[in-house]
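Student: In case you want the letters, here they are:
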Amino acid sequence: MQKSKRVTRRQFLKGSIGAVAAFTIVPRHVLGGPGQTPPSETFGGALIGCGGQGNGTFNGLGPNVEKLAICDVKFLKHADNKKVYTDFRRVMERKDIDVVAIATPPHWHALISIAAMEAGKDVLCEKPMTRFIAEGRAVAEAEKRYNRIFQVGTYGRFGANRERHKIMASGLLKECKAVYIKHGGLKVREWSGLVNAQPQPIPRSLDWDMYCGPSPLRPYHPHRTGGTHRGYWDYEGGGMTDMGQHFFDRFQYEYAKDDTSPVEIEAYAPPAHPEACGMWGWVELKYADGLTLVFDSEEWGERYNRKEDRSVSISDLDEQSQRKLREMPEPEPLVRFPEAIRTRKQAGGHAAVSHRCVSLMHLANIAIRTGRKIHYDPVREQIIGDEEANRLVNQPMRAPWHL
Amino acid sequence: MPDPDGRGMYCTDIDKDKVEKAVAQIHNGGRDNVIAIIDMLVPPGQGNDVKAHYALHCLALHVCKLDDDNQRRRFARAVASQLGGDRPKAVQRYLVRVMQVAGGREVVGTLGKLLVDEELCEPAAQALTAIGDGAADQFRESLPQAKGKCRLTVIQNLGVIRDAKSVDALKRAVTDEDQDIRIAAAWALANIGDPGSAGVLLKAADAEGWERIQATKACLLLAENLLAAGKNYEATRIYTHLRNTRTEPAERYVRDAAKKALTAASGK
Chain A
3 MQKSKRVTRR QFLKGSIGAV AAFTIVPRHV LGGPGQTPPS ETFGGALIGC
53 GGQGNGTFNG LGPNVEKLAI CDVKFLKHAD NKKVYTDFRR VMERKDIDVV
103 AIATPPHWHA LISIAAMEAG KDVLCEKPMT RFIAEGRAVA EAEKRYNRIF
153 QVGTYGRFGA NRERHKIMAS GLLKECKAVY IKHGGLKVRE WSGLVNAQPQ
203 PIPRSLDWDM YCGPSPLRPY HPHRTGGTHR GYWDYEGGGM TDMGQHFFDR
253 FQYEYAKDDT SPVEIEAYAP PAHPEACGMW GWVELKYADG LTLVFDSEEW
303 GERYNRKEDR SVSISDLDEQ SQRKLREMPE PEPLVRFPEA IRTRKQAGGH
353 AAVSHRCVSL MHLANIAIRT GRKIHYDPVR EQIIGDEEAN RLVNQPMRAP
403 WHL
Chain B
8 MPDPDGRGMY CTDIDKDKVE KAVAQIHNGG RDNVIAIIDM LVPPGQGNDV
58 KAHYALHCLA LHVCKLDDDN QRRRFARAVA SQLGGDRPKA VQRYLVRVMQ
108 VAGGREVVGT LGKLLVDEEL CEPAAQALTA IGDGAADQFR ESLPQAKGKC
158 RLTVIQNLGV IRDAKSVDAL KRAVTDEDQD IRIAAAWALA NIGDPGSAGV
208 LLKAADAEGW ERIQATKACL LLAENLLAAG KNYEATRIYT HLRNTRTEPA
258 ERYVRDAAKK ALTAASGK
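In order, the protein sequence lines correspond to chains A and B.
FYI, in our numbering the residues of the first sequence are 3 to 405.
FYI, in our numbering the residues of the second sequence are 8 to 275.
FYI, nobody ran anything at the bench for these hints, they're computed from the structure.
Note that this is a predicted model, so its numbers are computed, not measured.
Where is the CB? At the ideal position from N, CA and C, for every residue including glycine.
Mixed in with the good hints, there may be bad ones.
Heads up, simulated DSSO-like pairs for lysine-lysine below, C-alpha to C-alpha not over 27 Å straight-line [claimed, not checked]:
1. 25(B) - 347(A)
2. 97(A) - 25(B)
3. 238(B) - 97(A)
4. 189(A) - 266(B)
5. 375(A) - 266(B)
6. 97(A) - 266(B)
7. 172(B) - 120(B)
8. 238(B) - 267(B)
9. 288(A) - 266(B)
Away from chain B, derived, C-beta distances all over 12 Å, residues of chain A [stated by the list, open to error]:
10. 57
11. 161
12. 228
What follows is a list of derived Cβ distance ranges for each label pair [as the list claims (entries may be wrong)]:
13. 334(A) - 240(B): 53 to 59 Å
14. 186(B) - 206(A): 25 to 31 Å
15. 202(A) - 76(B): 28 to 34 Å
16. 112(B) - 382(A): 18 to 24 Å
17. 182(B) - 203(A): 52 to 58 Å
18. 377(A) - 140(B): 16 to 22 Å
19. 224(A) - 84(B): 36 to 42 Å
20. 20(B) - 346(A): 50 to 56 Å
21. 141(B) - 173(A): 43 to 49 Å
22. 125(B) - 228(A): 25 to 31 Å
23. 20(B) - 326(A): 51 to 57 Å
24. 69(A) - 210(B): 33 to 39 Å
25. 20(B) - 330(A): 51 to 57 Å
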């Protein structure tokens, strides 16, 4: 089996830019996209969420996107509602903006992605794509309803082992005995939350109510913002969701699980705190065909020792199946975001597949947060026989925000 | 219960077995222990209640794991009995969130009373919607009294839980003077899938800016729900209207969405 080549974010962006530069830019209205006036050689772009990751995310839009607007809830002091905004809704109203890069904390990812597509814009959204499972389905529905381009800001699948993908996608392997164990790298301790945060004065430049948005309005504390927001269930899901989409986007593609989810999830962790993400040992997720995925944090408790790593290769097929596999066409190449917005072809990491990927981390976190083994219906996207656990699948939002 | 570590987190020396044993012991003490823990809770910034805060949440998780609904109900009733009284609103907010974890139908009446309380309506609505069973009556009954933020919260949640009995009230709200209310009501009608709301929503979608975008979304959502319910005539009417009125280049994507849906609806 050929070892797959890992693609870093930097390499991917470099490649994207090169790929799109090779084409002649066509006016947007000719392509059937939004914001068609006037015909232009560039796309109008907006960056929503201007923290540390913002410019990097915006660059992922490609070289032919002009930054017409920036928006962040911390711009209260200098917003002019012409180029600088605090309220993303005003950005959505602009007809000259075709593409939006979203680099806010994740509790805003789904709502702003959906709003952008409702306004006819294409979306490149930072990972993790969502904060809970139902958000992802809603983003995928908006992508389909409005026929927009969506790509999540992680590119693991672009460097995936395509032979393994072909084997798994072929349907020739009836039972999958593979076990994929991710050892460490999930930044559990790093992205934990404070359990004794005392309220602080809200900075004058920050619209705190808008920052909280769909999540509960809590007393302000700086640890809830600026990167450390990752340690709170209100905004993200700890290092698990921060890093997981990077790692498991590739896994999901290789094992051809883009249209399904695990059916059984079990976690080893101490009782979770209600607001602060904290420690966990490992999570085991099993798919219906037997494939097992394990997140072993290596940061708390005993190491995972139930199963050993085991991959899938062509030798898992009998000779007849191997012959059939060779006769099958190679997988379609994945389309990068700059090419997708130009050609209107679906992006490689589009909403439906990225939703399945981030669901892995959400399911793991539900098992950690409830302390119970959960059984999941990947078609209905509901937890079976556990009403209280299901409350974390689709979490009510604070008005006026809703899916 | 563990102490926070040097960073103020539960990252060091958190012992699963020790915590679970302590929680089981507290639980065995029954209602009195639950109330005793609640007595230790203080509003943020007014003392240290880290252990009590964590213990109450662990109790909620514990009763959900017992596979004994009577025990879960007893716990939920004990917590709910401390709502609506003199306890600080910040403490009550936390108790409501505990209900969102472990409460059921037995506490919806108590939560419903909080829907008109400016400081508690948001968490109460979220807990009610999460619980689901029995929540619709609470939202519907609170609507006439709810003002400001509470009213918006109630209207939105009537849509989330798809309360068909609220259609008339929601139709009136579509022409409210508050834009957030209008948008929430339009979306609620669409999510409910009320066939009689097509005209109201299409009119709402004549608005400008953000409201136009949102009302148009409501129209498309309503049409999808009508199609799913087999009401093709009403759905086709909405799609046809959008196809014919979204003639500006910037709204071509809406026209295209409507055209695509019309084709699908006609089975061609």
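Student: Each hint should be assessed against the structure and marked as holding or not.
Tutor: Checked hints:
1. 25(B) - 347(A): Violated, because 54 Å separates the two Cα atoms, which is more than 27 Å.
2. 97(A) - 25(B): Not satisfied, since the Cα-Cα distance of roughly 59 Å exceeds 27 Å.
3. 238(B) - 97(A): violated, 34 Å
4. 189(A) - 266(B): Violated. Residue 189(A) to residue 266(B) sits at ~47 Å, over the 27 Å cutoff.
5. 375(A) - 266(B): Not satisfied, since the Cα-Cα distance of roughly 45 Å exceeds 27 Å.
6. 97(A) - 266(B): The given pair, whose Cα atoms are some 21 Å apart, holds under the 27 Å limit.
7. 172(B) - 120(B): Roughly 20 Å between the alpha carbons, so the hint for residue 172(B) and residue 120(B) holds.
8. 238(B) - 267(B): holds, 17 Å
9. 288(A) - 266(B): violated, 41 Å
10. 57: The assertion about residue 57(A) holds, with a minimum of 26 Å to chain B.
11. 161: holds, 32 Å
12. 228: The assertion about residue 228(A) holds, with a minimum of 16 Å to chain B.
13. 334(A) - 240(B): 53 to 59 Å: violated, 39 Å
14. 186(B) - 206(A): 25 to 31 Å: Holds - the Cβ-Cβ distance for residue 186(B) and residue 206(A), about 26 Å, lies within 25 to 31 Å.
15. 202(A) - 76(B): 28 to 34 Å: violated, 41 Å
16. 112(B) - 382(A): 18 to 24 Å: Cβ of residue 112(B) to Cβ of residue 382(A): about 22 Å, so the range 18 to 24 Å holds.
17. 182(B) - 203(A): 52 to 58 Å: With a Cβ separation near 40 Å, residue 182(B) and residue 203(A) fall outside 52 to 58 Å, so the hint is violated.
18. 377(A) - 140(B): 16 to 22 Å: Since residue 377(A) and residue 140(B) have Cβ atoms about 21 Å apart, the given range 16 to 22 Å holds.
19. 224(A) - 84(B): 36 to 42 Å: Cβ of residue 224(A) to Cβ of residue 84(B): about 38 Å, so the range 36 to 42 Å holds.
20. 20(B) - 346(A): 50 to 56 Å: holds, 55 Å
21. 141(B) - 173(A): 43 to 49 Å: holds, 45 Å
22. 125(B) - 228(A): 25 to 31 Å: Roughly 30 Å apart at Cβ, these two residues keep to the hinted range, so it holds.
23. 20(B) - 326(A): 51 to 57 Å: Holds: the Cβ-Cβ distance is about 56 Å, inside 51 to 57 Å.
24. 69(A) - 210(B): 33 to 39 Å: holds, 37 Å
25. 20(B) - 330(A): 51 to 57 Å: holds, 54 Å
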